[in-house]
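Once you've looked at the hints, dock chain B against the given chain A.
The primary structure of each chain is shown beneath.
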Amino acid sequence: MMARAGYYTTGAALAILFLFPLLWSGYASVSTESGFGLENYGRLFTSDNGIRPYHVVNSVLVCLITVGGTLLISTLGGYAFGRFRFPGRDLLFLVTLAILMVPYATILIALYVLLGWMGLQDSLLGLGLVLIMFQLPFSIFMMRNSFEAVPKELEESALIDGCNSFGVLTRVMLHAVRPGLITVGLFAFLTSWNEFFAPLILLNSTDQFTLTLAVVNMRTATFGSIDYAALEAGVMFMAVPCVLLFLFLQRSYVRGFMSGALKG
Amino acid sequence: MTVTSSRSRRAGWVGAAYAAPTALIVGVFFIVPLLLVGWMSLHDWPLLGLPEINAPENFTAMADNELIADAAWFTVKYTVIITVLLFAVAFGLALLVQHQRRGVGLLRTAFFLPVAVGFASASLLFLGLLSQEIGPFKTDEYISWTSGSPSLALGSAVVLVLWRFAGFNMLIMLTGLQAIPTELYEAARIDGATRFQIFRRITVPLMRPTIALVLTLMIAGSLLAFDQFWILTRGGPDNSTTSLVMVIYREAFIRLDLGAAAALSVVLLGVLVVFNVIQFGVLRSRRGA
Numbered sequence: 005m006m007a008r009a010g011y012y013t014t015g016a017a018l019a020i021l022f023l024f025p026l027l028w029s030g031y032a033s034v035s036t037e038s039g040f041g042l043e044n045y046g047r048l049f050t051s052d053n054g055i056r057p058y059h060v061v062n063s064v065l066v067c068l069i070t071v072g073g074t075l076l077i078s079t080l081g082g083y084a085f086g087r088f089r090f091p092g093r094d095l096l097f098l099v100t101l102a103i104l105m106v107p108y109a110t111i112l113i114a115l116y117v118l119l120g121w122m123g124l125q126d127s128l129l130g131l132g133l134v135l136i137m138f139q140l141p142f143s144i145f146m147m148r149n150s151f152e153a154v155p156k157e158l159e160e161s162a163l164i165d166g167c168n169s170f171g172v173l174t175r176v177m178l179h180a181v182r183p184g185l186i187t188v189g190l191f192a193f194l195t196s197w198n199e200f201f202a203p204l205i206l207l208n209s210t211d212q213f214t215l216t217l218a219v220v221n222m223r224t225a226t227f228g229s230i231d232y233a234a235l236e237a238g239v240m241f242m243a244v245p246c247v248l249l250f251l252f253l254q255r256s257y258v259r260g261f262m263s264g265a266l267k268g
Numbered sequence: 399m400t401v402t403s404s405r406s407r408r409a410g411w412v413g414a415a416y417a418a419p420t421a422l423i424v425g426v427f428f429i430v431p432l433l434l435v436g437w438m439s440l441h442d443w444p445l446l447g448l449p450e451i452n453a454p455e456n457f458t459a460m461a462d463n464e465l466i467a468d469a470a471w472f473t474v475k476y477t478v479i480i481t482v483l484l485f486a487v488a489f490g491l492a493l494l495v496q497h498q499r500r501g502v503g504l505l506r507t508a509f510f511l512p513v514a515v516g517f518a519s520a521s522l523l524f525l526g527l528l529s530q531e532i533g534p535f536k537t538d539e540y541i542s543w544t545s546g547s548p549s550l551a552l553g554s555a556v557v558l559v560l561w562r563f564a565g566f567n568m569l570i571m572l573t574g575l576q577a578i579p580t581e582l583y584e585a586a587r588i589d590g591a592t593r594f595q596i597f598r599r600i601t602v603p604l605m606r607p608t609i610a611l612v613l614t615l616m617i618a619g620s621l622l623a624f625d626q627f628w629i630l631t632r633g634g635p636d637n638s639t640t641s642l643v644m645v646i647y648r649e650a651f652i653r654l655d656l657g658a659a660a661a662l663s664v665v666l667l668g669v670l671v672v673f674n675v676i677q678f679g680v681l682r683s684r685r686g687a
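Quick note, the sequences are listed as chains A and B, same order.
Each residue of the first sequence is one higher than the last, beginning at 5 in the working numbering.
Each residue of the second sequence is one higher than the last, beginning at 399 in the working numbering.
A hint or two may mislead.
[Stated by the list, open to error] Derived pair list, reagent style SDA-like, types lysine to any residue, alpha-carbon separation capped at 25 Å:
id	chain 1	residue 1	chain 2	residue 2
1	B	536	A	156
2	B	475	A	105
3	A	156	B	493
4	B	536	A	20
5	A	156	B	415
6	B	536	A	224
7	A	156	B	411
8	B	475	A	104
9	B	536	A	41
10	A	156	A	94
11	B	536	A	104
I should point out that these hints are in silico values taken from the structure, not numbers from a laboratory.
One chain only, chain A, in its complex shape (with noise of 0.2 Å):
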């Protein structure tokens, strides 16, 4: 009886502890001098530094071309890893997760000047492309776990009903390994909607900015006092989709993560 109440004690007591910074934060956006009210809100879109629509567009489009890509290619790439044998198929599995193992700044360097080649200087279309490079480690390994776990009869039933592998990727595999691509898109959501590193080398003009460059630069790029209301604000209209998005498909997330991405 006292080890539960220790238990249950100790727990709340740290869930309050992780809880508590980010319940301040909401409440520091919305209270103002005489009250509660959504000036801080108001002044985070309307002062000299703040934020403007077109930087919320500019996430949305990274997003986009983010997470897009990162499915189409994680799946096509799980499928090819997890169903097929080819030549040069585990070195090209073992480059991609040496992703990994690579400095973010190491490389972004270098992407600067290649993107730049490219014709892909301060663009978003590059930065997206990146991203996309980043999350291919992860959402490989998993994508080719959900692939692999999906039994040989289902795919064998459909060969026999006459479809080519890739009517048997449209019509049986998708649906089989829904899981994963959840986990893989919202994965591949969260880093592209939050990344600063790579987006403040890769983007130099202040309308290419995303949202979280916006808003970091209402930090940096102040000399005098720091409107700190406004910043919060910036940080639960950054914040609040991604836990509401996390918590609803967080289910699926866990369980997918404990499933795919550490087995083996």
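For chain B alone, kept in the frame of chain A given last:
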């Protein structure tokens, strides 16, 4: 027999076609830049203008750059502190929530929720949280928690990182804990083992691969620290919290010397590769023993 072999040969070609987009992205945006950064490190490569070969100047110049030495020392110190603390906190949380019981799902969600917040956003959140202007930790005498002194600045970054990453590492360790067969625990309990003995003789040895994975992620992540110092402490006070990746950024985009930044990147990459090789070696020899 011939039918199968011709089918599998065709399947091989089809499989390669499905893998082609992966190969294209990995080739263009990973392999090429990896080679390019090596090539750049051998050149005087201004942000604007034509590069010229100057090897090995970018590497020899590092020895005279005091900021690099300070940043390297600080980064190592930070890595040790974070790895020890984050590991202890994450392992503790994982042990706390490992068993299915009422309310444990809520605890897991609470610990994991900060992971959904972007790291840059989290850094800004803590900038406000630790500020004297609107934060709850106001003191009578003005103390800047984030840049008042080198140790306060480091401490505030450590607290931020613990909050943001404990849940993620907890989840990984939870997967390791749950992979341990419950029969082992039961058998040990029947044999009269104490809780501490069970932890030392069963949990820790069977968790070794997971512990190795988590430690590798923590160490690599800390060696590459950037956001928390760029946003929260701005590398200060007096460059005391300037990490190596911040120096790379500074060389490239403030001093406009991409060659020097590339050389530093190559060295950092080398250190990480050596570190990973040693890590795998240790892991393998332990497994053998």
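Going straight from one Cα to the other, do residue 156(A) and residue 94(A) come out at no more than 25 Å?
-> Answer holds: residue 156(A) to residue 94(A) is near 21 Å, not above 25 Å.
Are residue 536(B) and residue 104(A) close enough, with their CA atoms no more than 25 Å apart?
-> violated, 41 Å
Given the proposed pairing of residue 536(B) with residue 41(A), does the C-alpha separation stay at or below 25 Å?
-> With Cα atoms ~23 Å apart, residue 536(B) and residue 41(A) stay inside 25 Å; holds.
Take the C-alpha atoms of residue 475(B) and residue 105(A), compute the straight-line distance between them, and say whether it is at most 25 Å.
-> It holds: about 21 Å lies between the C-alpha atoms, which stays within 25 Å.
Would you check the hint for residue 536(B) and residue 20(A), treating anything up to 25 Å between C-alpha atoms as holding?
-> Holds, at roughly 20 Å.
For the pair supplied as a hint, residue 536(B) and residue 224(A), confirm whether the alpha-carbon distance does not exceed 25 Å.
-> holds, 23 Å
Hint consistency between residue 156(A) and residue 493(B) [alpha-carbon to alpha-carbon, up to 25 Å] = violated, 38 Å
Taking 25 Å as the top limit, are the C-alpha atoms of residue 156(A) and residue 411(B) close enough?
-> Given that 25 Å is the threshold and the Cα spacing comes to 20 Å, the pair holds.
Taking 25 Å as the top limit, are the C-alpha atoms of residue 536(B) and residue 156(A) close enough?
-> Roughly 63 Å separates the two Cα atoms, so the pair is violated.
When you check the alpha-carbon spacing of residue 156(A) and residue 415(B), does it fall within 25 Å?
-> Roughly 21 Å separates the two Cα atoms, so the pair holds.
Under the criterion that the straight-line Cα-Cα distance not exceed 25 Å, is the pair residue 475(B), residue 104(A) satisfied?
-> Holds. Residue 475(B) to residue 104(A) sits at ~23 Å (cutoff 25 Å).
Hint check: violations occur at hints 1, 3, 11; the rest are consistent with the structure.
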